[in-house]
Amino acid sequence: MEALDAMQTESLHAGDGPPRPRLALSGAVKAFGPVVALADGNIDILPGEIHALVGENGAGKSTLVKILAGLYRLDAGEFHVGGQSVSFRSVADSKAAGISVIYQEPTLFPDLTVAENIFIGRQPKGRLGLISRAAMRQAARDLFDQLGVRIDPNRVAEGLSIADQQIIEIAKAISQGATVLVMDEPTAALSGVEVERLFQVARNLRAQSAGILFISHRFDEVFALCDRITVMRDGRYIATHVTSTVTVDAIVHEMVGRDVGALFPKVVAPVGDTVLSVKGLGRAGVFADVTFDVRAGEVVALAGLVGAGRTEVARAVFGIDPYDRGTVEFAGTRLRPHSPKAAIDAGMGFVPEDRRKQGLVMNLSVGRNTALTLRDRVARFGIINGRAERAAAVEWSRRLQVKTTSQEYAVSTLSGGNQQKVVLAKWLATDPKFLIVDEPTRGIDVGTKSEVHRLISDLANRGIAILMISSELPEVLGMADRVIVMHEGRITAELSRAEATPESIMHAATASLERAQ
Amino acid sequence: MSEPGSSTTRSSPVTPADKISSLDTRLIDTTKTLPTEPKGRTGAARILLGRDAIMIYLLLAFVLYASIAIPRFASPVTVGFLLLDVIPVLLIAMPMTLVIITGEIDLSVASIAGLTSALMGVLWESGLDIGVVLAISLFAGVVAGAFNGFLIAVAGLPSLAVTIGTLALYRGLALVVIGDNAVANFPPGLTAFFTSKIGATGIPTVMIGVVVVALFFGVLLHLTPFGRGLYAIGFSKEAATFVGIRVSRAKFWLYVGTGSVSALAGIYWTLRYSSARSDNASGLELTVIAAVLLGGVSIFGGTGSIPGVIAGVLLIGTINFSLRLERISDVVLIMVTGSLLIASVVAPSVFEALQRWRHGRRMHKTLPQVPASGATSATAPGVQERK
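Here the protein sequences line up with chains R and G, keeping their order.
To convert a position in the first sequence, counted from 1, into my numbering, add 2.
To convert a position in the second sequence, counted from 1, into my numbering, add 400.
It is worth saying that the hints were derived from the structure and are not from the lab.
Be careful, since some hints might not be right.
Said to hold, decoys possible - What follows is a list of derived Cβ distance ranges for each label pair:
id : chain 1 : residue 1 : chain 2 : residue 2 : range
1  : R       : F225      : G       : A555      : 48 to 58 Å
2  : R       : V31       : G       : A561      : 49 to 59 Å
3  : R       : D323      : G       : R724      : 52 to 62 Å
4  : R       : E160      : G       : I699      : 30 to 40 Å
5  : G       : R649      : R       : D291      : 28 to 38 Å
6  : R       : G384      : G       : R724      : 35 to 45 Å
7  : R       : D113      : G       : R649      : 29 to 39 Å
8  : R       : P112      : G       : I728      : 53 to 63 Å
9  : G       : R649      : R       : D326      : 19 to 29 Å
As the list claims (entries may be wrong) - Straight-line C-alpha distance at most 25 Å; calculated PhoX-like pairs for lysine-lysine:
id : chain 1 : residue 1 : chain 2 : residue 2
10 : R       : K68       : R       : K97
11 : G       : K637      : R       : K343
12 : G       : K637      : R       : K359
Model, not experiment: these values are computed from the prediction.
From the three backbone atoms N, C-alpha and C, an ideal C-beta is built for every residue, glycine too.
Take these sequences, add in the hints, and give me the full structure.
Encoded structure:
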């Protein structure tokens with residue numbers, strides 16, 4: 003609390019001249035091997051302001067936050083806190099400098115009380131050096147008063163809502179002398195009332211001249227709460243605007259504004275009959291009222307922000323997860339729910355998001371992985387024909403040009419791109435009618451990426467229906483015949499290839515529906 | 401499928417060989433790929449050169465050594481007693497191999513054998529026909545296994561906890577069933593049959609049944625789609641689910657398998673010693689698991705083979721038997737088994753390190769001739785063209 007007093011005194015003197023930023027990062031670079039996650043990060047946070055940071059998935063926001071939090075060290079660039087150049091080696095360094103990050107889902111100790119959680123590791127001591135519970139409770143109460151919320155400091159943390167947990171984290175940060183609070187998508191899991199309460203807390207802190215960095219995908223929140231907005235794209239700083247001088251359209255344009263060139267060898271294939279028909283699919287708390295069709299020869303992209311429920315819909319369609327309502331029809335017949343086997347037998351394939359955990363059995367050999375989907379087909383009277391199994395694996399590895407010296411090596415020894423080819427190979431080997439590809443090019447090199455794109459296009463051309471989930475807008479725009487956009491578990495737009503633009507998709511993905519029309 | 405009469409109608413059964421030959425090969429560009437191994441090692445070579453072969457060679461080496469070094473070792477009598485001793489472990493080790501390959505465990509097997517034995521005693525004493533007694537006892541094993549399977553596969557409880565529980569539960573039930581009594585008056589013809597030998601070979605007649613069980617589980621694990629699925633489950637349940645493997649169902653049936661084979665072992669035990677007691681086969685679960693691990697099955701799941709496990713069981717059995725012939729005390733025996741077990745757990749990692757080193761060298765030699773991945777084309781996704 004001394005820190006806040008200090009803040010207040012400081013802000014009294016700040017009247018003359020422009021306020022000095024509490025935190026300033028400029029020209030920040032962070033690379034992981036050959037992957038540059040942050041090419042040019044810039045941000046400055048003034049005392050007494052709420053500053054929004056917006057950008058697509060992969061724009062470099064998380065990397066920037068992790069640099070602020072002391073989790074990553076800068077490769078290049080300048081980082082000043084309170085006018086002094088800093089280089090954090092750990093989260094503790096960042097905390098000591100007065101920066102605190104509030105994550106989407108805080109992790110409190112469930113068995114400790116609220117007050118104990120706030121003061122863990124630095125409990126106020128009374129006589130004889132014992133912890134003074136009374137002092138701790140009083141301090142917690144004071145903190146909540148300061149934030150303008152009411153939470154009982156004596157109750158245990160278990161069972162608190164995420165909103166309450168976030169506020170406890172904020173209280174903890176303030177008590178540790180934080181002058182800059184970074185809130186990483188704090189509202190994603192909150193209800194309307196809770197969001198409003200969090201905003202009130204943020205405004206109170208602003209009035210007490212703390213600096214707040216607010217990261218959100220929701221433009222209504224950004225515009226309602228924040229004083230300035232910084233836009234990032236592809237790991238680079240694009241611009242900073244004073245909120246009152248800018249429109250949602252301008253921000254969206256800056257977020258996505260890049261050329262979607264002829265990178266994607268998209269051939270519009272003749273569209274055939276409906277292969278997959280999803281009607282009113284819903285799963286409580288995950289997605290609701292999802293209705294769409296995919297026809298033979300068509301690439302339908304499922305776009306939206308991370309967490310919009312796209313993968314969850316795909317998993318339910320394929321039978322990995324159950325669903326509560328609605329139907330999935332495949333080639334005219336209703337598909338048995340919650341049975342991947344039924345889906346595969348009907349002619350579906352699923353190239354999942356997480357190649358290492360879901361797509362492949364990493365310790366199994368390349369050959370066995372490739373033939374895993376064929377295990378029933380290479381058997382006669384229940385006994386596997388080993389020669390046919392190996393022949394199929396070799397054949398499909400060759401078709402997809404999987405580079406390995408031996409089919410017998412564990413698939414984990416291959417590169418990411420080659421692993422993805424094995425995943426594709428094992429599904430193409432089943433001769434599917436419908437293929438779900440979830441983030442098909444995540445984490446693979448540029449060369450293989452365009453191979454995969456060509457492959458998808460080619461498959462559609464051969465009459466396979468494809469549902470592609472992708473968080474990369476260029477990929478969506480380049481590959482899709484139709485784009486279905488989801489936001490918070492619901493479909494918010496269905497756009498034809500002609501209608502799909504970065505702006506229209508982004509608007510639907512952030513659910514500013516009226517502007518999308 | 402857009403047109404009727406498409407050449408790839410799913411309903412028509414297509415054997416893989418037909419399928420591959422009927423694919424449009426014109427589009428395949430093989431010139432730029434690394435030569436993939438043209439043909440993998442076939443059946444016999446795979447077994448003779450594979451990693452599990454080490455256990456088989458070790459066994460052969462030890463048998464050879466024992467035959468030369470221990471005077472009374474190489475005789476039909478030795479073979480007979482050794483196999484009679486080893487049969488219960490060998491039996492239970494078969495389904496246990498499959499269970500451990502999926503990354504689970506079953507500690508209740510010996511208790512199931514004990515329960516079966518107790519049940520046999522009580523039912524026989526009550527005057528039932530021996531055929532009925534055997535059938536009911538076997539069925540009890542099936543039920544006991546199904547109960548484990550239900551708790552593990554359907555309720556999703558951890559197998560270690562569940563089977564520690566049923567280890568105590570089934571042994572307790574055995575005691576409830578028969579108390580401190582022992583029943584010994586089984587039909588003499590039957591008990592004699594269980595210790596009889598095939599001609600002068602010294603091989604027990606019941607080995608025929610054991611071989612059938614071993615063949616069944618060997619084929620199930622190595623040659624069926626179900627078996628392929630078990631390896632995948634052992635490494636990654638999630639990835640297995642994504643290729644349509646029914647993980648829970650597979651696990652359930654494996655526990656039914658361990659339950660019923662444990663019952664067979666219990667029946668064998670009772671008739672071989674002509675004694676039905678509640679404490680029959682007690683502690684056997686650890687011997688079985690030790691032998692399975694020694695046979696090259698990874699406790700973490702995913703690797704192992706039936707031939708390897710058979711060799712492991714026989715190796716432990718042979719070592720124990722020869723030590724006993726040399727009148728070496730049981731304490732040493734236990735220590736030897738323990739050391740072997742530790743060695744067998746360490747060995748695979750050494751082997752793996754060696755393989756990685758070899759792989760690294762091979763990659764180093766071949767890679768420079770490989771064109772960059774971006775330069776190759778992927779025009780042939782190899783899906784049959786629809787006319």
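| query | Are R:F225 and G:A555 spaced within 48 to 58 Å by their CB atoms? | reply | 50 Å, holds
| said: Can you tell me whether the CB distance of R:G384 to G:R724 sits inside 35 to 45 Å? | reply: 42 Å, holds
| query | Holds or violated: 30 to 40 Å for the Cβ distance of R:E160 and G:I699? | reply | Check passed, 35 Å falls within 30 to 40 Å.
| Is the hinted pair G:K637 and R:K343 satisfied, with a Cα-Cα distance of at most 25 Å? | Within the cut-off at roughly 14 Å; holds.
| request: Below or equal to 25 Å on CA atoms is what counts here, so check G:K637 against R:K359. | output: 9 Å, holds
| message | Does the beta carbon distance between R:D113 and G:R649 stay inside 29 to 39 Å, or does it fall outside? | response | 38 Å, holds
| query | Between R:D323 and G:R724, does the C-beta distance stay in 52 to 62 Å? | reply | For R:D323 and G:R724 the Cβ distance comes to about 56 Å; the hint holds.
| Given the hinted pair R:K68 and R:K97, is their alpha-carbon gap at most 25 Å? | 13 Å, holds
| message | Does the beta carbon distance between G:R649 and R:D291 stay inside 28 to 38 Å, or does it fall outside? | response | 32 Å, holds
| At the C-beta level, are R:V31 and G:A561 separated by a distance inside 49 to 59 Å? | 50 Å, holds
| Do the beta carbons of R:P112 and G:I728 sit within 53 to 63 Å of each other? | 56 Å, holds
| Whether the CB-CB distance between G:R649 and R:D326 falls inside 19 to 29 Å | 23 Å, holds
Of the numbered hints stated above, none is contradicted by the structure.
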